[in-house]
Amino acid sequence: MVEAATQKTQALDEGIEKGVAQLTPDRIAAVVNRVLKTETGARLKTYVETCIHCGLCSEACHYYLSHDNDPLYSPVGKVKTTLWEILKHKGSIDPKAMKKIALTAYTECNLCKRCAMYCPFGIDIAYLMLVVRRICHLLGVTPQYIQDTAHSHAATFNQMWVKDDEWIDTLQWQEEEAQAEIPTLRIPLEKEGADIMYSVIGPEPKFQAQLIYQAAVIMNTAGVNWTMPATPGWDNSDMAMFTGDNEIMGRLKRAHFETAARLRVKKIVMGECGHAFRSVYDVGNRWLGWKMPPIPIIHAIEFYYDLLKEKRVRINKKFSEAVTLHDPCNVSRGGGLHDKARYVTSALCDHFVEMHPNREHNYCCCAGGGVINCGPPYKKVRVDGNRIKAEQLFAAKSRGATILLAPCHNCHSGLEDINHHYGLGFKIKFIGDILYEVMEKPE
Amino acid sequence: MRDLYHFVSGPLVWVAFAVFFFGCLYRLIRMLALVNQKEKFIFSYMSLKYSLRSILHWSVPFATENMRRHPVMTLVTFAFHFCLIVTPLFLLAHVILWDEAWHFSWGHLPEGLTDMMTLVVIFGCLFFLVRRLKLPEVQFVTSTSDYIILGIVAAPFITGFLAYHQWFNYPFFMTLHILSGEIMLITIPFTRLVHMVFAPFTRAYMGSEFGGVRHARDW
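Residue numbers (this note's numbering), protein chains in the order written: chain A, 5 to 447; chain B, 0 to 218.
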């Protein structure tokens, strides 16, 4: 057998430690067998039995590439050390082994699905990892930070323990701020029958309120008939989807869609977030039994694209610094928005530098899939696990790019860490930041 | 020896083909029944257009990013799988057997060519063996069963090659050739060789998801 080249870092995480301390092999077996019997079916069975152990998925994974091709980090390597172990022992797993399994599933895979594009059979390895996470969730072995976020979802229906009145207060505060720039600007709350419900993730009101300001300026300038809800259901984010807490995920998405339905809007436009897009467009809606979202979901990229195409916003003077674009997995590989993102970028910026690989083949930011939400204990795992991203970005920088566009919150935070750790010197921006800066605004 | 030969070239042929066909059919029906029972939604996402788009891309050498990244592997695996299926179907000796038994015959390939194709399969198996032994990412996920599967596939071609050239002990290798071919047929439905049956379906599903929902390429 090949020995792994590196020893994995063992982070001290109370959520994991205390969860594991309560486990017995019998309990693990009971949960595993329950999940296998009642929640999985042909997909899991067929994927496991079709995999020919060829290792061709390896080079898809940024963890693998960043760890000098250490087989422990290849997609199939991670399936071997988690799911295959569970299946081989029919769930009779030692609690200590369960800890390793949980750490791999939660912190060493971003569920980015790049490997699904490299597997000759199209095996959905991210799905296999989610099955492992589901088992860990039911066993109560989840990293503390992301579990806290899931608790916030359960208690408040938003990710950041934002209280109901604080939410409304934040919107009104941003409205007043923006009125200094555009006196007639409104952030319409609870406007029934508006065309668009604008939804954001919890962190926006919590500590990035300027993004709501910018969105309001864009909406008002373009003359959009829009509204934001004043009730829970405004937050489109979803960490429960990543902890394996499907029940909470379902409650969140139901609240979100029902809020939009109550406001009788035609569509939901969402801010620049990737995982939230995955939750409302791909995963959460399916859990609720909707083949596609019950109300059309428009990601910010597509919204900007429509505004520019229809000439509802005009550009004053294009952004002059050279920008490169990071395609977030969940909206590119998950929603095919990469070409629209390029249209928008070119419409806003004078100088666009492609990074390689790009579009569906772009490397993940290593923050997604809930990994960054697992908190500080795993920052090193994320940053060390994505050296390849730094190399990719450095190559774009060497061809002149100084601004890094990342139309996704998770990517933003993850890339900030990569940028800082590897000393890349990029300024990281949302597309909305640029649009706000270069668009013609009403006097 | 003679008894063994009669056994493997008589009753066991029936058994092998029956197990192969009904085994594959059983696996296929079971999978579809399981989808129907527990993951019915999969049917609603299946799209013929995107299934074929995906299968086509993955059936053409170098049409996918990963194939271009591994040019030698791509050449070997395409040549291997092509020869693995085509050689036994169009080998003159096999076609004659069908003709003698059932008066039913189809075209065949020149013997020199099928001889080369047999070597391609044997070489392919060797290549896969070396990959398993030498590449860390492959070795890490290799278990004993992977070597056994490789052996099961290689055996009919190695023994067939020896029997055709009548090297060493012809009756022995001829018997072994028939036996190993039957073992391969019997094991296909019940080992990871079942990817022969399942691959088009996993590919079609991923192709449908990428095309229909994700609006992205899966190659």
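Mixed in with the good hints there might be a few duds.
To be verified - One-sided and incomplete, this derived list gives chain B residues near chain A with beta-carbon spacing under 8 Å:
| no. | residue |
| --- | --- |
| 1 | F42 |
| 2 | W57 |
| 3 | F61 |
Said to hold, decoys possible - Going by beta-carbon spacing under 7 Å, a handful of chain B positions derived as facing chain A:
| no. | residue |
| --- | --- |
| 4 | L33 |
| 5 | K39 |
| 6 | S43 |
| 7 | K133 |
| 8 | P135 |
| 9 | V137 |
| 10 | H194 |
| 11 | T201 |
| 12 | A215 |
| 13 | R216 |
In case anyone wonders, no lab produced these hints; they're calculated from the structure. The C-beta atom is built at its ideal place from N, Cα and C for all residues, glycine as well.
Outcome of the hint check:
no.: 1; hint: F42; verdict: 11 Å, violated
no.: 2; hint: W57; verdict: 6 Å, holds
no.: 3; hint: F61; verdict: 13 Å, violated
no.: 4; hint: L33; verdict: 4 Å, holds
no.: 5; hint: K39; verdict: 9 Å, violated
no.: 6; hint: S43; verdict: 6 Å, holds
no.: 7; hint: K133; verdict: 10 Å, violated
no.: 8; hint: P135; verdict: 5 Å, holds
no.: 9; hint: V137; verdict: 4 Å, holds
no.: 10; hint: H194; verdict: 5 Å, holds
no.: 11; hint: T201; verdict: 5 Å, holds
no.: 12; hint: A215; verdict: 5 Å, holds
no.: 13; hint: R216; verdict: 5 Å, holds
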